[in-house]
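J.: Single-letter residue listing:
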Amino acid sequence: MPISTEEAAEALKNIALVQRRASILRGYERGAPHVILWGLIWVVGYGLSDVVPSIAGPAWMALNAVGVAGSFLLGRATLAGARYGLRFAAVSATMLAFILATYYVMKPRDAVQFGAFPPLLVATIYTVVGIWRGARWAASGVVLGVCTVAGFALFKEHFMLWMAAVGGSTLLMTGFWLRRA
Amino acid sequence: MAREANDLIHQPLRLKIMAALNSLAARESMEFTRLRSVVEATDGNLGAHLSRLEDVGYIAIEKEFVDKKPRTRVALTREGRKALAMHVAYLRDILDGVGGP
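So the sequences go chain by chain: A and B. Counting along the first sequence from 1, when you hit position 138 you're at 138 in my numbering, and nothing is skipped either side. Counting along the second sequence from 1, when you hit position 7 you're at 7 in my numbering, and nothing is skipped either side.
Some clues are possibly wrong.
What the hints assert, rightly or not - To spell it out: a stretch of chain B is covered by chain A in this simulated footprint if at least three of its residues, at any positions, have a beta carbon under 8 Å from a beta carbon of chain A; those stretches are:
#	stretch
1	9-16
2	19-29
3	36-45
No lab work stands behind these hints, which were simulated from the structure alone. For each residue, glycine too, the CB sits at the ideal point set by N, CA and C.
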């Protein structure tokens, strides 16, 4: 059966739309376990930073190592390939390196500033990614950013506890929300 | 030489299915439920069109049990990828005024 120009244009438009939707949902699927992992790490890390601040430094070093290793394992397991595992681990390691380099250059004055920077960076990345590749990332980024600034402004005394509860929960809920998409 | 339309693929839902699966890497597959969300179809409608595409060898369907729950994964075969590429090229030819009616 002959296909008209209009039909051909419509079919190509539908192909592009479906491929875009598939790509966004695949991004959610791949990202979800990593977001959940880092949500758990934030709950433990920020929780320890509030309860036992004296061990916060070594605890975060150990948790970050767990996060990078976990990203590698999750990437390898979900996509059946070490190449993707290494890529996910490299993303986590790059973000950590950026955060540490920024601390070195900007020299935060107190623990609250140290604690507020990583969530603001993550919130910015999620929002930027979401603008191009899926509204759920953007929504989560905005919520995380607003919660971080609100905690910094209103609950400085217990900012670490705030981030353990609110920041960690935001990541966990984001992960489960992405997984259900 | 003008390319030919693939009437089997050109059916709207089947075209969406093929396009969605084509966005995956060569050895990747997509869960039935995920595919249903992507192409916005009902279970029955999607199942019928998947069977048709499987019959002609354009897709491969794999059924497995995970935690005692059935899970169906769908992947595009090499033939399916090639057929879609040819049909898309045909559609583009129509827009470029090369082929078609």
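J.: What are the numbers of the hints that this structure violates, sorted from low to high?
T.: Of the numbered hints given earlier, the structure breaks none, since each of them holds.
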